[in-house]
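Protein chains in written order, with the numbering used here: chain A, 1 to 268; chain B, 1001 to 1430; chain C, 2001 to 2606.
By construction, these hints were calculated from the structure, which means they are not laboratory data. Given the structure is predicted, the values throughout are model-derived calculations rather than measurements. Just so you know, not all the hints are guaranteed correct.
Stated by the list, open to error - Straight-line alpha carbon distances no greater than 25 Å define the calculated BS3-like cross-link-like pairs of lysine-lysine that follow: (1) Lys141(A) x Lys2109(C); (2) Lys225(A) x Lys249(A); (3) Lys249(A) x Lys2533(C); (4) Lys2484(C) x Lys58(A); (5) Lys2314(C) x Lys2484(C).
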Amino acid sequence: MISEKNPVKAARYGMTIDLDRCNGCGACMVACAVENNVPPAHAGANDRKGLTWIRVYKVDNGAEYPDRRSVFVPVLCQQCNKDTPCVHVCPQQAVDLDPATGIVGQMPERCLGCRYCMAACPYHARYFNWWDPAWPAGMEKTLNPDVAPRMRGVVEKCNFCHGRWHAARERAAAAGKPNTEPVTYTPACAEACPTGALQFGDLNDPASLPAQAAKNPDAFRMLEKLGTEPKIYYRSKRDWVREIASAPKPGAGSRVASAPTPKEQAHG
Amino acid sequence: MDREFIARGVKRCSTPKFLLWTLPWIGLLAFGLYAAALCLIKGLNQTNMDNRFAFGLWIFLDLTVIALGAGAFFTGFLLYILKLDELRAVINSAVVIGLVCYSGAMGVLAVDVGQPLRFWFTFWYPNVHSMLTEVTFCITCYLTVLVVEYLPIVLRNRKLRQVPQFLVFEFELHKLIFVLAGVGTFLSFFHQGSLGGLYGVLRGRPFAFREGLAVWPTTFFLFILSAAAVGPSFILLTTWLAEKISRKRLVKPRVLELLGRISGLLLAVYVIAKSVDTLVWINRTSPETGFQAWQYYSWQPFGTWILLAEIVLFGLAPALILLTARLRARRGWLVSAAAMACLGVALNRFVMTVQTLAVPTLSFDRFLSYTPSWQESGTFLAVVAYGVLVYSFSFRYLQLFPEERELRFEAEQTEELPVMAGEIDPAGRY
Amino acid sequence: MTTTRRNLFKFAGGSFVGALFTPVPWRLITDTALWSENWPGIPVPARGEVRTRFTNCSLCTAGCAVRVRSIGDQPVALAPVANHPVSHGAMCPFGLTGHHLPYHPARVKQGPVEQAQAAVADAVAKGERVAVLDLRPGRTASWTYRRAMAAIRNGVYVAPAQALGAGTAVNLANAKTVLSFGAPLLEGWGTPGNVIALRDGFRLIQVEAVESRTASLADQWISINPGTETALALGIASVLGGGSPDYSPAKAAAATGLSEQQVRLLARELKENGPAVVLDASGSSAVLALNTLVGASGLTLVTRREAPVPEAWKKAAPVTELAEIPEHSVRVLLIDESAPGEYIPWSEIEKTLVPDNPVVVAFAWERAGYGRHANYVLPTAVYPETTEDIPPAIDSVAPVFRMTAPLVTAPAGVVDAAAFIAAAAGLVPGDALGERIGAIHKSGRGVLVASSDLKQTPVKDVSADDFRKALIAGGCWLDAADEKAPAPRLPLADPKPHPAEAADLPLVAVLTEARGSVAPVSPLMSKLYEESKLRLAPNRAALNPIAAEACGVEDGDRATLETPYGRCDVLVTLDAAIPPGVVEVAARPGILDICAPGTRAKVVRV
């Protein structure tokens, strides 16, 4: 029973991502889409209008061929723990930072679709439903009943597979465990990662992999100076890879690309 | 045939000619409404906005027209609270401009959000920390105030005031005008500021992020200042435009010069404040987030020219022109400076909305550009057409310019040609 | 109180005002958010009993063990089985979305079965040559084809040539150095879980013109001029004391763009940091012959026995390579495309067909492969519907036997290719899989691995019936590697003459995404294609921006890829990571018909 002597022990779920292991296969991206009922791309979608709650970027060291080297960086909602930008700006409180889990949850049924949170997020971790979701005939039978599909006009993002956390809570309750203890579960992306680059755990538990990784000198977080306290810890032994966490430096290999041409928009 | 609706003592063009004038605007409005309907029915995939450019043409234009429509509240404040009586000549026009700007902006916002039917959620589940909640509340209230301020103008129509209840109602309402002006000023102060606050609080966008006073970033105050500065300029511009199109004298030149002087003064204060703010941002605020300010301007085409254009070319220059009495007296300089001031504010809003989203935040972001789709442009053009139509009807049937009758009478008396733009009246009466 | 109208109104009004002080109206208002969450037309996922089942993925020969989450009988999620002895808890994006394949919009549902049967029967009766092209040899169905071809007068069984020889496996566990000429070792080669598990045990040197995913993660990436793999192999061979006598490291360096020192270093590393193995993406004999020089045979290249087969089957037709078939001799060609496998360019196959009225029957789930060239396309079941065994992967050293479990019922019009061909040949219908499983059980060798608890039970301790049931439910049979197996005979070098430099074909084609190209792909793969450009989509060709400018194409343009063998429509992607002389294309049937690794090509704007 929850009481003053037996208070709820809050979890602070986080993740560690080993960039020296990630091979850019994209298993995390599709596993996430399967788990969370994210629809396949609409005919007009491109990489700027898609729905990829976790997205693997190919980042290079800025050198010209043949000294060019690449690394694959999975980027998902960083679950900012302090001054969470999106929580702060949503006009109808459709986003909240759950103090019991540390998960930044998005409520699609409350979302107005104003996209202010998308402007606020520096990690581009939020995605808007520009189209209504559509699955090929029959494929809607494969949808996950634990997650509600979203219609067009609302924002969505990674929520650390909150449905799985709920299921884990229910299993723990059914097993008679006290509901003051945090539960252990694995989100779809970490479960699917074949190289073990993605590891999920409770940062409040010193034995968990993310908590240990956080203390590793090779660990870093994206844009740390912004002060958002993200809970995704990236790791790499390579110096140039650790540099990607800081602000952009134009001229250092960044490409100026134009918007998709009308042709590209038409063909997708 | 609609002579009875047109006020006594002023001349308006014939009805067929007026209908001819409205026709292209109605056409544009219809086209724009079709574009907007497409966006509502098919969804926002009809636009070229995407996950990186979550805000596009519409938000930029919303912010610009709201800044330009600030003339409504500010003129009211100057007239009813600070008792600058010359401005009585333009207050009605200002109210119509304000109404048009705000209602147009609200219309576009209704199309811009993904779920317009959920608009009431902001009122039901407000987030006290969000600037957008504040904007929504204040703009909704202010739109109501503007409608209430517009009502008396309508009720004073020659035909409508024949209804005694309207006359009485209008009279009683006018007694409350100070209250309305005060409330309007208060609300405008907050929503103009909050529109600036929208960007200033974005901790995740160091390009826009500013420190400030308590919960209000400096952009809050800068937006209020710039809106107050450009409001009179826009009134000046629209009045001049109305005079040119209708080929009548509507206000005494000294009214326009007064508007120009107020605008220039506030613009100068704004330029100083903006320059200080920019220096603090370049040297402290931005570097503390790990983003060096110079790198924002390395992403072509957003070079440092845009910063200089905003502050110097379209900020300091028009301010200095408007503060110089001799230049103010020349219609050409006055109107040009007012137009430049308006452009400067538009540029500022553009920088805050579009450039903020264009510049990368992650080191592996690409710099992307965005061009609005025809549906987006069409929707905006609908607002322009709507504005022109409302203003045209108001100009024709309502008394927007109290001094018009007097000026026409004087012109007929002296049988002079009306003073054309650019000439200085040799008799120095104005 | 009397029931006057006024009292009634007063009561109603009072109740209304009173209700406002209760939570009811406020809750109803907030609940409208939930009721209006989705408009009609947004699917509601079906609810039901959650079941866990197991299967093995047949989208490639890795045959990863899969944990299936089903709602009732409908699979809704596929997940890897952690710590599985074969797949080591890995799965790829294609496997993770396999349960979508039955609903793919491109799926063929009906076909002219009777007409095809008639055409085949006609040829069989006349004694004309009937050939079965099996794109995924090594299955029980493959044995059925071989038995069928042996049963008719003029039957021949064809399978794609195995570069390292049939029955040869790569023993990565023994390798200390792996020299890979573009083989996608870390991109789905072999059994990905196995490669990942063994990765820290060997040094990977990736020789490739483009920085592929494997190259970016390799211990060393050697970037050579595109299309010069054979030259480098010959250069290394000359240092190791083999290969062509008129080839030298200097010549190799000149062709590849490396320095002579680098070539010598590579050779030295192979010799001194062994055991080594040399792999190639395109099966070039010059490259693979290096394995003989480094003594890979028996160490890093070993013989792998097949899972036991009933004795009666051993009288089946032999495996013939396409090149061995005389031109214009085949009257009926039956292509089994039902299980994803290699793709042989159509021009090579067409050579073997009789010039007038050949009959080509393609057993496929979609028309985009050989269906384009076939007279009859007969639809087959797709992965979660099939009951079929998966041949071992190239890095599977131990004999292994696993099957897909039928999770979903196939639609009514599908054809079982093995049953069709067996019937056409007059073979007695039987339960081939059952017989095979019986033979494995009878041998008494190996263990049965259950995916649910990963318990390994010796086959001897399992009854025949339980063994069969366990395999059909997604279990796996695993035997020990044969220590005493003879070392495999490796192919000899047979360097093909270099094609003449074609001036008007300025680019060299590099193939990518070989895994998913001829295999079915879920619509959800758009996450990796259109929605993120992480992988090259099947209809795309990637060019360096400088090369694109020279070709006059921009990002997103429609273009034609032209090679000496034909042309194909593509969409252009610009990628500064591709070297200027290269065009990278996704290896799909349309492309593979006109393009092999190293083919010269040009891209022309449409």
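Keeping to a limit of 25 Å between CA atoms, is the pair of Lys2484(C) and Lys58(A) held or broken?
Distance ~46 Å between Lys2484(C) and Lys58(A) Cα, so the pair is violated.
Measure nothing beyond the straight line between the CA atoms of Lys141(A) and Lys2109(C); if it is 25 Å or shorter, mark the hint as holding.
Answer holds: Lys141(A) to Lys2109(C) is near 18 Å, not above 25 Å.
Agreement of Lys2314(C) and Lys2484(C) with the hint, judged by alpha carbon distance not exceeding 25 Å:
With a Cα-Cα distance of about 22 Å, the restraint between Lys2314(C) and Lys2484(C) holds, given a limit of 25 Å.
Lys249(A) and Lys2533(C) were given as a pair; does the straight-line alpha-carbon distance stay at or below 25 Å?
holds, 23 Å
Is it true that the CA of Lys225(A) sits at most 25 Å from the CA of Lys249(A)?
holds, 15 Å
Hint check: a violation occurs at hint 4 only; the rest are consistent with the structure.
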